[in-house]
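Undergrad: As you go down the protein sequences, you meet chains A and B in turn. Just so you know, the numbering used here puts 203 at position 203 of the first sequence, and the rest follows in order with no gaps. Just so you know, the numbering used here puts 50 at position 50 of the second sequence, and the rest follows in order with no gaps.
Read the hints as simulated data drawn from the structure, not as lab findings. From a predicted model like this one, the values you see are computed outputs, not experimental measurements. Any given hint might turn out to be false.
[Stated by the list, open to error] 25 Å max Cα-Cα, derived PhoX-like pairs, lysine-lysine:
| id | chain 1 | residue 1 | chain 2 | residue 2 |
| --- | --- | --- | --- | --- |
| 1 | B | Lys375 | A | Lys87 |
| 2 | A | Lys448 | A | Lys461 |
| 3 | B | Lys344 | A | Lys137 |
| 4 | B | Lys335 | A | Lys137 |
| 5 | A | Lys87 | B | Lys376 |
| 6 | A | Lys461 | A | Lys392 |
| 7 | A | Lys195 | A | Lys221 |
| 8 | A | Lys87 | B | Lys355 |
| 9 | A | Lys87 | B | Lys344 |
| 10 | A | Lys392 | A | Lys466 |
[To be verified] To be clear about the criterion: a stretch of chain B counts as covered by chain A if any three or more of its residues have a C-beta under 8 Å from a C-beta of chain A, and this derived list gives those stretches:
| id | region |
| --- | --- |
| 11 | 86 to 96 |
| 12 | 189 to 201 |
| 13 | 225 to 237 |
| 14 | 324 to 335 |
Ideal placement from N, C-alpha and C gives every residue a C-beta, glycine not left out.
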Amino acid sequence: MSALDDVLARWEVVIGLEVHVQLATATKAFSASAAGYGAPPNTQTDPTVLGLPGSLPVFNLRALELALRLGLATGSTIRRRSRFARKHYFYPDQPKGYQISQYDEPLCADGGVEIVVGSERRRVPLTRIHLEEDAGKNLHGAGHTSGVDLNRAGVPLCEVVTEPAIRSAEEAAEYMRALHLLVRYLGISEADMEKGQMRCDANVSLRPRGATALGTRTELKNINSFRFVHRAIEHEILRQARILDGGGAITQETRLWDGAAGTSQSLRGKEEALDYRYFPDPDLPPLVVTDELLERVRAALPELPMARFDRFVAELGLPPDDARTLVGDRALADWFEAAVAARGGSARAVANWTLTELLGSLDGRPLADAKVTPVHLGALVKLVDDAVISGKIAKEVLATMAQTGEAPDAIVERAGLRQISDVGAIEALARQVVDANPSQVAHYRAGKLGVLGFLVGQLLKASGGKANPALASELLEKLLGSD
Amino acid sequence: MIDVFESAATMARRVRGKEISARELTTAHLERIAADQLGAFVHVDAAGALARADEIDAMIARGDNAGPLAGVPVAIKDMLVTRGMPTTASSKILAGWVPPYDGTAVARLRAHGAVIVGKVSCDEFAMGSSNENACGGPVKNPWDPTRVPGGSSGGSAAAVAGGLSAFSLGTDTGGSIRQPAAFCGVVGLKPTYGRVSRYGVIAFASSLDQVGPLARTVEDAAIVTEAIAGHDPLDATTIAEHAPRLTRDLETPLRGLRIGLPAEYFLPDTDPEVTAAVERAIAILRDDGCEPVPISLPHTRYALPAYYVIAPAEASSNLARYDGVRYGLRVGDRKATLLDLYRKTRGAGFGPEVKRRIMLGTFALRSGYYDAYYKKAQQVRALIARDFTEAFATCDVVVSPTTPTAAFPIGARATPIEMYLGDVFTLACNLAGLPGVSVPCGFTAGGLPIGVQLLGRPLDEATILRAARGVERGAGVVGRHP
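Make the full structure from the sequences, and use the hints.
TA: Next comes the structure, spelled out in structure tokens:
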């Protein structure tokens, strides 16, 4: 029994996650300043982003549209009239001394995100999704110098808050993957954790198995990769269990996860908890969601990942693993569906060719770089299915397609790769093989039927790989049996 | 021949008619400013003003339309940011800050031909009623240099009354345009909340702040408001309407206009000279055919306490940005901790009244107290607004004194409460978001100006200005100057 299993036998884990997702708008949440990633420090600013005296926020309605996509996709109740509130704290990355957020009137409530844990599917309930603005970044230089880069300040965020309903580190990691996939499907964020476009804070507590009251929780901040979601939470579970098992009590506090060290340290305790002094932002009128806007966003929602997975398995007959892999990358799944559409017929083979041969030919490069088009892949699979070429030849043809972008038919015709399915021609080759391999033939006839495979291989080789393998096997068997 | 006490309308007409040049007009004002003893100006932009005056003259020479304020010298309250011109809100904490942008009202004034001669003093962050809270010291009232000009737009009122600028832009959060206008004998208009963009106005209390003119005549106030008002995509709280037509109807007869006289605004402790002057103004309106209507605004007495929750709460938030990190004052050496930097900078940068209000506001917004203070004050505010809605069912204009007294001596009001009580007649207008104007209606025996306040329905600046014009015509105070 591992240390964790031992802990979990006695303690029930309660986890709630607060995930910040940057919305991929061209401009910032409250001004017309550009909102891209990676520009030189403080070049994506204006009086409002800098918090200059006299500047005012005006809400970017594009951010509302993106947030509504997430709200609708999670089945949330959309508040038709929500409000922005000011959340006050002093820090150099926060140029106004407050962050514009939403407090008691958030945009969305009571949604959920579907996840799969093992073979079980469940819905992680969401307390709320609200809109807010990102802070800048403090940069610490040599000696006593520190700088602040406000490019990120004012980038729109959705904060997605779960109920304390997650029961393990695995589930937390799975929830993060599901949410990540969802926001990418919705086209609302790149959600690259390395770039801070998706960030996670975790509230973790333990309670004795069977207890209903929640234990004292700690909040873990700075969990900035998928790997760390799992590791940081597991580390916190063990840390709390060690204290509780030793007869101690958990201190309510905020802890900072250090990914490199694999540990966390206390950032501030309950006594130092900040009083944010929320109040409705008087610079911003209530945020109103009209019927027209809501219907427009709803109508444009794409098929969601979980629904697509179900369809791939139920309607296209894909193995769940293949379906999961394809659905896990919206562009790849779209590509696959285009190939299926081009080909007609069964999708299993197309999935197989997409996942093994196409991705193999890319060797890690992005799908957008592929010279093979979905239509061409569909056509290639059809050539195999129709026995125009063998699977082996098809792989060679795909290699050429990947280099030149040509249609498979053109490659097959030019190189004369069309499969030989002419009975007379294959019978002639079969005779040659039988004549050239007397000892193997003798073994076969003595009952070692496995030798047939060798003889078929010889025949295919003699045909330059073009002989129809099924026909070759059938004719060889007949020839060997008849003499 | 330059007369610096002419109206802005007259000055612009003469400049456009090439009777005088914008340069001559600007030079005359710059000379007076240089010799000034009132202490109204905190920054003079002589070079910029002359350059702009020359542009206006060139436009006129070419036959171009130089605008309704062509060549007219204007002084801007230091609460409005001006591109390339220091802007401090009369606070040490903004020492040396030069904004990289113009606020919307300032930009619109420039586009209408006005020549900005400089920035004028005010109470620090517009918090005050006497201009004594300015970091540069008090401004003197042009009618009596031992007295305050009022506040917070005290520099604006003094500049206009003292012949240092033809008009001025002020801001009004609880009376900061109307009260100094009354103290200095000029016209001051606070437009409807949302009428004029707050973009580029240093925020004091965002839900109350509004920009407006201080001017020598009602017509000038109307011209300036037409220039600066109207929807602004940079301020989400502006009303989605075009600028109002205000000058057109100024001389329309007042016959039939119902003037509401609120019992709660005519108090025994108001100075008798003020009461008498306001009664004369009411008589003028009645003689013009207006019908006096007794009205009641029962929640008036809650305006002051509600205001002193809402305004400090919003101020405590708006002033959080002055932290010494990005602009303005920074106190603390390179080894100072962040907390030290904040404490020392804010400790040294803000004056006592500003600190008092930040503390009041921070207290009111504490977790767990929001409902008891800010939310309750907002509910009171809604009741005050409802009082006016009901009153405007039976009248068209609400008339009251602007202030309980004429200008008081510098240093006379020693405690904050004494000072706050001087604003009892002007606060409700901001809480209800209504337009309000103060227009001179007489003088005390000692020669101090007295103002009468006219409040109107939301967006109905036209009617209160028309009534103010009636008072102006009848009172015969235009042209009288210190």
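Undergrad: Name the hints, by number, that the structure is in violation of.
TA: Structure breaks no hint.
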